[in-house]
Each structure stands twice: as structure tokens, then as C-alpha cells.
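Just so you know, the sequences run in chain order P and S.
Just so we're aligned: the first sequence equals residues 1 to 365 in the working numbering.
Just so we're aligned: the second sequence equals residues 366 to 547 in the working numbering.
Listed next, with one range per pair, are the computed distances between beta-carbon atoms:
id: 1; chain 1: S; residue 1: R376; chain 2: P; residue 2: V21; range: 28 to 36 Å
id: 2; chain 1: S; residue 1: T508; chain 2: P; residue 2: K239; range: 46 to 54 Å
id: 3; chain 1: P; residue 1: P104; chain 2: S; residue 2: T531; range: 56 to 64 Å
id: 4; chain 1: P; residue 1: A53; chain 2: S; residue 2: S378; range: 38 to 46 Å
id: 5; chain 1: S; residue 1: P496; chain 2: P; residue 2: L45; range: 37 to 45 Å
id: 6; chain 1: S; residue 1: V485; chain 2: P; residue 2: D331; range: 21 to 29 Å
id: 7; chain 1: P; residue 1: W44; chain 2: S; residue 2: T508; range: 16 to 24 Å
id: 8; chain 1: S; residue 1: V432; chain 2: P; residue 2: G136; range: 29 to 37 Å
The set of hints was computed from the structure by calculation and includes no laboratory data.
From the three backbone atoms N, C-alpha and C, an ideal C-beta is built for every residue, glycine too.
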Amino acid sequence: MKTDDTPPSDLPAPLGLASLVVRVAIIGGVVGMIAGAFSYCAGWLTPHALTPATMIDAFEQVNGRKSGFRRNHAKGVGVSGAFESNGAGVSLSKASVFRKGRVPVLGRFAIAGGQPYLPDAQGKVRSMALLFELPGGEEWRTGMNDIPVFTVNTPEAFYENLVASVPDPSTGKPDPRKIAQFLRENPASAQALRLIGAHPKSSGFENDAFNSLNAFRFVNAAGASVFVRWSMVPVESAKPPVDAELAAHRDYLFDGLVGAIHQHPLQWHLVVTVAQPGDPTNDATLPWPTDRRHLDVGTLTIDRVESEATSPVRDVNFDPLVLPVGIAGSDDPLLSARSAAYSVSFTRRESEHKEQSAVSVAETR
Amino acid sequence: MMAHTPGPPPRFSPLARILHWAMAAMILAALFIGVAMVASLAGYARLVAIHRPLGILILVFAVIRLVNRKLTTLPPFLKTMSPLERRAATAGERLLYTLMIVQPLVGWGMLSAGGYPIVVIGSLHLPAILPARPTLYAVLRETHTVLAFLLFATFLAHLSAVLFHTLVVRDGLIRRMASWRR
Chain P
1 MKTDDTPPSD
11 LPAPLGLASL
21 VVRVAIIGGV
31 VGMIAGAFSY
41 CAGWLTPHAL
51 TPATMIDAFE
61 QVNGRKSGFR
71 RNHAKGVGVS
81 GAFESNGAGV
91 SLSKASVFRK
101 GRVPVLGRFA
111 IAGGQPYLPD
121 AQGKVRSMAL
131 LFELPGGEEW
141 RTGMNDIPVF
151 TVNTPEAFYE
161 NLVASVPDPS
171 TGKPDPRKIA
181 QFLRENPASA
191 QALRLIGAHP
201 KSSGFENDAF
211 NSLNAFRFVN
221 AAGASVFVRW
231 SMVPVESAKP
241 PVDAELAAHR
251 DYLFDGLVGA
261 IHQHPLQWHL
271 VVTVAQPGDP
281 TNDATLPWPT
291 DRRHLDVGTL
301 TIDRVESEAT
311 SPVRDVNFDP
321 LVLPVGIAGS
331 DDPLLSARSA
341 AYSVSFTRRE
351 SEHKEQSAVS
361 VAETR
Chain S
366 MMAHTPGPPP
376 RFSPLARILH
386 WAMAAMILAA
396 LFIGVAMVAS
406 LAGYARLVAI
416 HRPLGILILV
426 FAVIRLVNRK
436 LTTLPPFLKT
446 MSPLERRAAT
456 AGERLLYTLM
466 IVQPLVGWGM
476 LSAGGYPIVV
486 IGSLHLPAIL
496 PARPTLYAVL
506 RETHTVLAFL
516 LFATFLAHLS
526 AVLFHTLVVR
536 DGLIRRMASW
546 RR
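Same shape as in the complex, but just chain P (with noise of 0.2 Å):
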């Protein structure tokens, strides 16, 4: 480091008091700005605005905190597989997923809701998460559910709907009264409640639809974008429900996924469903019309499946932005929120004890 000084100079003369007084509070004056500007970004002047962090606050205030597991979505089992492109996508986006040709799929099948062990129920979302390894380290994560449309539209009424089913202290169970009011406040809830109702329920995860509820845009090579939804429509199919007794087992409905992808690969057909404008793209609750464009783009096979405690699924976040270039989110507002808010149930899953998956190593041999 430099020591030399240089020549000496006249300094200007000592200020007054006064002088300095003011001069010492305008500097404090500017850093305090600057400072209070970071703090307002930071949100920390505004301790009661919903954030990614009381977000998942509330899913742990409904489940617990169940340690190193999914805050939404907690009992799984990973699964692999591939996708093959039939090449018919490459019309909609550039993504070089819909090439045709075949690549690499992880995947994850779900529960929707924070318990890891809560018994396996015919009335309960599920889900299926996909991670699709594309050339150039480029990768396609999606997240979607066998539910028609999804329970809410915007990120403030899914915090109202959790706030609402916190367990009443006293029941141990969600009040239905405040349920009942939040559907009053959100009309859009209640109606898409009455189309998710109405939807037909398959007899497991194999036979299952699943589908990515928010709206997407589709960039193809020319340029030309389009919204799009897409869903994972099973080749196997339906069956009768399981009987009472084999329901009665806590992991049935895992189990029956397990037992048909040991006798054989199990497939979906990759559908894109392209909108007309002026189909609703940022309101996951609204259906789009029955006549839109369908068309299938490839199929997917699934020919492993592992417990959590070995699959590399367990640490994956399904951020549903991670996304390849040709697929880009849309004005959907839950798209920015569930980005936001996997990262921190990731963070803090990730700095927690692993606990045991409800289905185990040995129920997946």
C-alpha cells in the first residue's frame, strides 16, 4: 500500500459549530436514506406484508414442522424415466424438448398438503412433478395436479385459504366457519371447489391425469408466441377404486403405484392445450373452453421408482420457472409466488434433519 503523502495543501479553515453540526447531520441525513431505502425493500418497515417467508410460515403453522420435508406436497416418492417427443410440439416453441428425440425425465409423485405420514385418502390432490434434463444443461421443472383448475387465483387468497384451515387449538381440526367464510370473500374459490368436485376421481396415481393449471407461453422458432396449459394424460386405464380393505393401508394409494411400475413402464401423453386470446391466462381457476386446440406432443415413461431416501428428487425444488428457452411463464401471478415460495420451504428443508419418507426403501423394492 501506498504511504507517500502529497504536497501539502492549505486546508480550507475549521468550520464553526454550527457548521459542522449541520454538515455531520446531512451526511447522517444521506446514509439514513439510503439505509431506510434497503430496509423498505427488504420489507422490514413493513412486518405484516405477505411474503414468501409467511407463506410458508402459515403451511407450517397448519402442518407443523416437519422436519427436511416439502413444506406443501410432503409425502412422495421419486420416480425416472424418459420423454420421447413425437416432434409435433416444435410448431408451438423452439424448446428443444419437442424435438423429436428422447430425453432424460426425474419425476416425483405426491400428496398434496405438509403431512409426510398422514394415511393415503381417495379425496386428496395429487401431484406430479417432472424434471426434464435437456442439452446445454438447459432443464424443463413442472409441477402439476389431477385437480381441473386450481382452488384459488392470486398468492393473498391461497394465504387466506391456509390462514383458514389453521386447526382450531380446541377441535384439532380446520373451524369450518371460517372456511365458509373465506369462500364467501372469494367467490372464484367456491366455483372452481364446485368444478373440482365434479371431477371424476381415478382409482390411483398410474391411471391419473395431471395437469399444470397455470398458463404458459409458448415461443416457437418464427417467433410467434402462444399461451398454452398443458396436462400428462394417462395411457393406462381407469380401474374401480380399491377395495375398503386394501384402502385401509396407510400408503395404499403409493403402494399401487409402486406395484404396476414393477410389472410394467407406465405412460403419459404430454397434451398441450393452446388458448384463443381472451381465454383468462393469469386466473387458475378459470377453465379454458372444451374446444381448444389439443395436441399431444410426445410420451412419457415411467420405469423406476425409488423411495425419497435414495432418490435425487428428494432434493430437487420443482420451481415451476425453471424453465427452457421456447417456454416462458405468463401473467399468471401464482407462477411468481410458487417460485418465491418453494425457495424458502427448499432453504429450509435443505438446512433441516432428514427424516424418513413415509414410503420407505423397502416398500419400494
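With chain P's structure known, arrange chain S on it following the hints.
Structure of chain S alone, referenced to chain P:
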């Protein structure tokens, strides 16, 4: 006020001054966007898409700046700075240089350890610099926050010291880095 000084006071080289002001803007933007995005549900996706390439750009600029600093002669300290103040200034600058190189690396390493694809912009991806490992991700994620606050605090100290010299000591310290006038 420097009328008796023969010639203008020594300044940092033009490249050093450009790098300083460009990086000041980039680092402050990255810090403000960083704290805002983790507190925002609606803005998260858009802000992350800026924060990530900005961090990589800061890393590139910081390496160029460090090399430039090693290759060029720095203007001497002003006589108005006491030996203690000079030591503090030197330590502060070393801390700033360390943080502007380490902080982007921690961010990059954190995404690597979290198993994320490291998208810079469009299809431009960076390779992972660490293996995907949950505990490593958790530690680096926390470290990224702590270093951000440390970097912001160091910036505020740096700004306070320069303002003190400019407004109270009035020794023309800021002219060493000023690009706008002699």
C-alpha cells in the same frame, strides 16, 4: 481551495474510475434487488432474472478491477488522513474487493449445490462449480444473506468516510475518484 497546490491532485486511472462507478451502481442494484426479491411474491421471478446475470457481471468486473489495481500505481493517500485512518481505509477497500468477488461466487456455488440449472440469460448457462448437496446449499444460502448485509454495511461506511472528507475535512478526497470534473 487547492490553489496553492502545484498541478491537479493525483487521481485514479480513467479505467479505475469507470470500473468504480459502474460497479458502485451494479453492486447497489444487486443488493437492493436481492433483499427485495426474497421478500416479494409478485416480483420474485422478474427480480431473480435480473439479480442472477447482474451478479455474474459484477464478478467479471471485479476480476478485471482487481487485475487493473495490481497493474497500476495508485494515487497516494492525502496528507489529511492519519496513519490509523489510512489503515482503516486500506482494510475497508480489501474487504470490499473480497466481498465483490466472493459474494457472486457464493451465489453461483449456492445454485450449484442446490441442483439448479445456472441460467445467466436465455440459453446461456454456467457450469456447476460445486456438487449438488443439500447441506452445502443451506450453508451457502445463509452465507449469501450474511455477506450481502456485510457488503451493504461496508458500503455505508465507505460512503460515510468519503462524505466526511468532502463536507467536513474538505480536502478534495473525492476528486481522486471523480470522473465528472477536475
